[in-house]
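*Asks:* Residue numbers (the working numbering), protein chains in the order written: chain A, 898 to 1106; chain B, 898 to 1106.
Where hints are given, some of them may not hold.
Copies of one chain are not kept apart here, so a pair can be met inside one copy or by any two copies together.
Straight-line C-alpha distance at most 25 angstroms; calculated SDA-like pairs for lysine to any residue [to be verified]:
(1) LYS1057 <-> ILE1032
(2) LYS931 <-> ILE1032
(3) LYS1084 <-> LEU908
(4) LYS920 <-> GLY1072
Just so you know, the hints here were simulated from the structure itself, not pulled from any lab data.
Number of protein chains: 2
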Amino acid sequence: MSGDTASLPDLQHVYALSPEAQKLLFTEAHTTYKFTDEPVSDDQLRAIYELLKWAPTGSNVSPLRILFVRSPEGKQRLLPHLTPPNKPQSDSAPVVAVLARDTEYTEHVPMLYPIVPGLREAYDARPELRDDHGIFNATLQAAYFVLAVRSVGLDAGPMKGFNPQGIDEEFFPTGRWKSILVVNLGKAAEDGWRERDARLDFEQVVDFA
Amino acid sequence: MSGDTASLPDLQHVYALSPEAQKLLFTEAHTTYKFTDEPVSDDQLRAIYELLKWAPTGSNVSPLRILFVRSPEGKQRLLPHLTPPNKPQSDSAPVVAVLARDTEYTEHVPMLYPIVPGLREAYDARPELRDDHGIFNATLQAAYFVLAVRSVGLDAGPMKGFNPQGIDEEFFPTGRWKSILVVNLGKAAEDGWRERDARLDFEQVVDFA
């Protein structure tokens, strides 16, 4: 329960992922609250997507959409919709990603999952199921996004503290995209993150049958 | 839209993650439908959790719980609750993980997120918000779980085709854990996966502000 990894059995022999990659993605990465001025490149933003797109979603529906807010004007439109403690965090980030789900993601299902003909129509006939599936899979992709950000050497600051209606009205006025998570991107400032919080132990989380 | 990566600009210079790790986690991993008999070790199951636990959740609430089904008796209790096409997939897997959310995850919030005193009480006073937050963050952790499985050199077969009420009544009779995703684990058989489906292009998914 302590978050102290030093006392754990050494599991390094089990990992196929290198120690460097474990550190980069999981064990030494920190949610970041303050960023340097170092810019984020177009290639980095593209590389994030080119990696995350391969991680799996149910029936490959891939409903995540991404708005990268990086212009001063874009920032000024975004900040009013964040909770007060989060405003300076996003203000300091060179890029803020608004992760959204496409409510009409089924448009692409015939191309994305041709192995099941008629799947688009089956989803569209059951709007509640379609929405649930879109929300679930966009959320999986939001998690892949955070790890993909770390894969290009950037720090990520995911935040749920925002007004989704406000963001959606400001940036997605047709109503097709709906925001699910805001993620600040950039290089962490020296005092950009807190010491890690504890985690639950394996025995608290896992059961066997 | 073709899923053809060969024509993309070469972004390798952008990645901090090694090419080997990119392949292992993202670009050469496949959702697996059929597994060999090679057993999965206790250390592998522990190593999966010891990695995924560090990936971020909102206010560090960490609501994911994991039931590893690996005994013949456990398999027989599980299979009736899967959709027919999924039964042979789970039957062939040496371990099947039932990923669940803990509906009473706020019990651990004072330990997990001490920086905000009273947060547990604030969630518990708003059950709908508490549930939404639990579902969202357990879903993020389900995605981390899939990548952590690949990190220990195993193949993963995530499946939404199951009856959650049936699984919950069979395995979680107190109602505290609620299933969100089933993931088959093991080593892929030679014919264990299909060729990759296409993905959406960067330009179809991304916008700028």
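*Asks:* Could you place LYS1084 and LEU908 in one of the four classes (within, between, both, neither) given a Cα distance threshold of 25 angstroms?
*Replies:* between (30 angstroms within a copy, 19 angstroms between copies)
*Asks:* Within, between, both or neither: how does the pair LYS920, GLY1072 come out at a Cα-Cα threshold of 25 angstroms?
*Replies:* Neither: 39 angstroms inside a chain and 36 angstroms across chains, both beyond 25 angstroms.
*Asks:* Cα distance capped at 25 angstroms. Does LYS931 pair with ILE1032 within a copy, between copies, both, or neither?
*Replies:* Answer is neither; intra-copy 29 angstroms and inter-copy 28 angstroms both fail.
*Asks:* When Cα atoms must be at most 25 angstroms apart, do LYS1057 and ILE1032 count as within-copy, between-copy, both, or neither?
*Replies:* both (15 angstroms within a copy, 13 angstroms between copies)
When each numbered hint is compared with the structure, violations occur for hints 2, 4.
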